[in-house]
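Colleague: Please build the complex by placing chains A and G on the supplied structure of chain B, with the hints as guidance.
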Amino acid sequence: MAFLTPASVLETGPMNKHSRNWKEGALILMAAALPGVSILFFKNMDIANALFSPWLPPGDGHLLGTNDVGQDIFFQLISAGGRSLMVGMAAALTATLVGTLTGCVAGYYRGIADRVIMGLADIFLLIPDIPLVIVLVSFFEPGLFNVIIVIAMTSWPGTARVVRSRMLKIKEYPFVLNARSLGAGDGHIIFKHILPHTGELILAKATLAVASAMLTETGISFLGLGDPCQVTWGSMLHGVFAGAGLINGYWWWYLPPVLCISVTVMGFNLAGFYLQKGWGGNFPADSPLNRQGQIPGKTHPEVPALTGINPPVLINNKDTQTLAPEPDTLNPISKPHNQAPDTQPPSFPLDRQIFRILNLGVEFGIECETNQKKTIKALDGVNLSLVKGDRMAIIGESGSGKSILFLAMLGLLPYNARMSGEVFFRGKRMASFSRKHYQHIRAWDIAYVPQGAGNALNPVIKVGHQISERMRIHGSISKKKGMVMAARLLGQTGITNSHQRVHYYPHQFSGGMNQRVLLAMALAGENSVLLADEPTKGLDDKTKEDVLNIFLKLNREAVAVVTHDLWFARQFAKTIVVMYKGIILEQAPADSFFTAPYHPYSKALLNALPSQGILNPVIMSSHNRYAETDPGDKHGGDSYRIDGGDDDDDDRSNKKNKEISRGCPWARECEEFHDRCRHMPRLFSHNIHKVRCWCHAAGN
Amino acid sequence: MLLEINNVDKGYGHGRFHKKVCVLENVSLTLDKGKTVGIMGDSGKGKTTLGLLMAGVIRPDKGRILLNGQDIWAGSRKERDKKKAQIQMVFQHPEAAFNPRWTMEQSVREPCHIYKISLSPQDIADKMARVGLGTKLLKRYPSQLSGGELQRIALARLLTISPSVIVLDEPTSMLDVITQAKIIRLLMEIQENTGISFIFITHDRELARVMCHETHDIGDLSLPSSRVEIRIAAEEQTLDL
Amino acid sequence: MKHMTAAFCQYVLALLAVLALNFLLIHMMPGDPLVHILGEEGYYQMTRQPPAYIEKIRETYQLNDSLLKQFLTHISRALQGDLGWSHHHGRAVIKIIYPRMGWTLLLLIPSVIISTMAGGILGALAGGSPRGWMDRILTPFFLLIYSIPGYCLGLFLLILAFHVDALPMGGMPSVKTDMALYMMMPMGVLVLHSTAYKYMIMKNAVIQEIHEAYVMTARSKGLYDRDILFTHVVKNALPPFITVVAMHFGFMMGGSLVVEMVFSWQGMGTLIYDAVISRDYPLISGSFMIICASVILANALADVIHGVLDPRIRSGNRSNE
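Residue numbers (the working numbering), protein chains in the order written: chain B, 4 to 703; chain A, 118 to 358; chain G, 152 to 472.
Since the hints were made in silico from the structure, they are not lab data.
You may find that some hints are simply not true.
Simulated crosslink set (SDA-like; lysine to any residue; CA at most 20 Å straight-line) [what the hints assert, rightly or not]:
#1 Lys386/G with His468/B
#2 Lys545/B with Asp198/A
#3 Lys172/B with Thr165/A
#4 Lys540/B with Gly514/B
#5 Lys545/B with Thr332/A
#6 Lys547/B with Arg322/A
#7 Lys386/G with Lys540/B
#8 Lys195/B with Thr332/A
#9 Lys465/B with Val459/G
#10 Lys386/G with Pro462/B
Computed from a predicted model, the values in this text were never measured in an experiment.
Excised from the complex, chain B in its bound form (with noise of 0.2 Å):
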């Protein structure tokens, strides 16, 4: 868990929003931080102590009037400012510096070290400061240097801390591991590689550490245990406390400080946290030291709101009663670029459709590492239905939007997603579904089984609560017979002595057993509907087999699985759909498929296994007629499908860029390219066996 504090406060929006670089952001700073800077310049101010007549109000000369001494209150508003200031940046720099050093020492060496610095840092952290610093100052001489070094003393341990766990996590990053394969010396790996990563997040703790020590500042000051030849803000309402000014309603003298107080740690409090959440605590979304030490894969969609928020926009909101596919030609959002509209009637009687997709498209807009913003089209055009009876297996690769299919189809797309087209659920328009709907509908009727990747599983529950919950919320047995219940089914996936292991946490189970208890999490419900998304990742060959086994005895109205695994697919399916960038290639009965495959992306696949020997030298090609017809771009074209171009320098490939991202995604790599293949071509139907491919165009 990263170190708390009230960092990301302002953080209302996804993550990622307000990724900036070094420049913008060392501006910011500096712009706020100037008017503070320029008052140091005035600590010293002569006229801040000379004498006139006390107890003037705010007139003539006297901007804020005097106070009980006669010192104009205006000239010591500034004067303390700069004191104030200056004790405030000193101690934070102290303390900045002594954290940083001793956080890298501590998390790049480890050992001795580390548990020193870390023992110690403990200790100061119990410390309560202003305890400290009265002790402090009553046994030394009072002074602002005390209180300097006192604060510093207490603040150094929360940036030592800081420093010291991002130190830890980035030191294991596969980019540091590898400078350190090479041979990089320390200072390489330090200077080079984690403290730009960490730099930012020193900046921000430095400057809440001004703020907090400010606030500190000020508290000792107001007690009298400041320098009494200096004025600082804070004693300024030591003198308004001691002189009655409170009392006596002299508004001129307690306000301006407090006001001036507030108003500075406001500041620097914004600055740290707006700095904190730009880069600190939440990198770009594309970066891999996104969150927390993880290493995602691609950009995850960000999960909407638990509360209040309103489920995902559509664009097209028109209200069907029909049921019949309409292509929406008043819309046009809703139809992909140039693609022909598939006007298809539904190949199976509408009562035994469960789910039918119609035209669904889902976007993303996201802001990359170069501030770019970008849409990502996850799917695009995706016509589907799921049928009483079927197995299906969607295959396709990261990326093809698989994962996103059936966060549509469940009504868990997030906040930022985009939707076009329709889908029905049993008939009935999901779109038009409340909230309480949808949950109702996930708890009695569709199942889904997400991927085991990283925290699937709430690490803090006992697996077994977790697989009852669904029953106990909604079908109210009591916490008992969960777990009996729980026990049952997690033996059923073939986890051994499942009555002792259902009190057991999730992470005291390896990747493969957490797989089944999502398994077994999905089963608890008898639900008519499952989805599975990738029930097979990361599982050894052994564990596979158990999965499958358990998907064969599955008695359900319909079940569709997303997966890569082939094997998995072969074995399981009678429908198999394959997917790539959000497009529908292929849909297919699973013999056929598997022993001839229409599209060539298929068949590409199906060589490229290991098992046939990835000996078919076609997928090799990068040579292919596309880039004959276009030499400019050779580097292979495994990138994102991407709207709103690349930022080349290249003009001529850039047009190329956008006009291919209109045509078959499959093109640049495709044997078969022709040149119609720039535009889509529609799902052409061979009786059951449907193909998205000019080289087929011939079907019903």
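Modeller: Coordinates of chains A and G only, in the frame set by chain B:
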């Protein structure tokens, strides 16, 4: 033999009291020039640890790792670095193998930068071509490239210092099947052309069968009885471009 | 268990460190250590005595023994509750501190409880719907409160009380039944300030947790949003939250000292202040020790709670520390 690992133990501290958990016990392995040895096993059993040990990133608690008969941990800092430079590693997560704030070009130049060898743009273009990519990608950041492209560039980066051994830690498990096939073919091509030896860590048996000349299970490696020894002398490779 | 013993050792070490600090201050500071033992007033009185008497005093306080022996005696005395004698007050330090600490705790403990609950719940709700109305209103509000020093809030409240005349302006109640009235303002300040801090902590924690995969899993099971928030998310956010709350206790302790000054509440704050003014060193260091001890105790308690709440720690699998 090119690389020999003898009786290596490795344990990790675990928890606040740093109780040592022994991940690898008495592991021995040999590797010859121009060959690929596969290491299989379930996750968490120490495959990555073994890979890191071989690449010289972490140090074994007991035992030695010999390259061309010399212990890679013996000698002065310079000698050690020179030996370790011969054994490099390609990681499982392509996006994490590059500093996200550096352009690809900076990352590719890093090894030569560390060894203070200068690299002309032509050299870089050569290496990129050898992995099947153009130079356009060099200006981009890791977040803008796909997994397949990143793994290729990772290989290009290593090729700049011509190692003798490359440890591949599940290099294709994060990639789709087709890209995986391409990378595998690329690796085999590189091995044919340059004679680099590979240690290939994977959990995919089919893949190991295609790629490796011999395969070991990590569980078996730890048993003293199943030490495999093939000894063939090899010439030392120097850093040349 | 191992974790518990480690934490225990750490706290014992911290206590020892505080004791050592006290000892060092007394004996290493410029001037005669006797000043720091007797306090200025006592010292002044003593200097007027014949030298033989002074020597006897030195013997009593073992000032001629080795430093190590003195340190050990110091520790053993402290553990027995003997914190010295205050000449200014004419009583044993511990006896002076005892009731005053009680008053401070009377303010602090309810404040901690109320602010933790309020900040935790509000923060969780706000974190559960980022950009929702709760977030939009409460976050800037609490940010403002957090940026204003506690005692400034106190000053404002004082002014308010002065003009509105509803609540007493500070000081202690003469009758027990008036306690609540007198407590309201100082406690109000403490509660407001620390609720702001805890709100932000919890909100941040919840926002981070919401992005975890298990929340998606929970939603896919059709769980109600409130259930997900409190059963799943908050349960994960609680352990680190509790840790932060405990660390904040030290800060609150310091803050309450200043607030007590504003409202003339006869707790540790005013005690220490008087002691500093009169250079009553035994009282100063004694108060400091007691304060530190209570903060350490609070942290130890929080650690225990943390261990109970987070099963990963119970089985010895400390995350990322």
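Colleague: Could you work out which earlier hints the structure fails to respect and list their numbers in ascending sequence?
Modeller: 2, 7, 8
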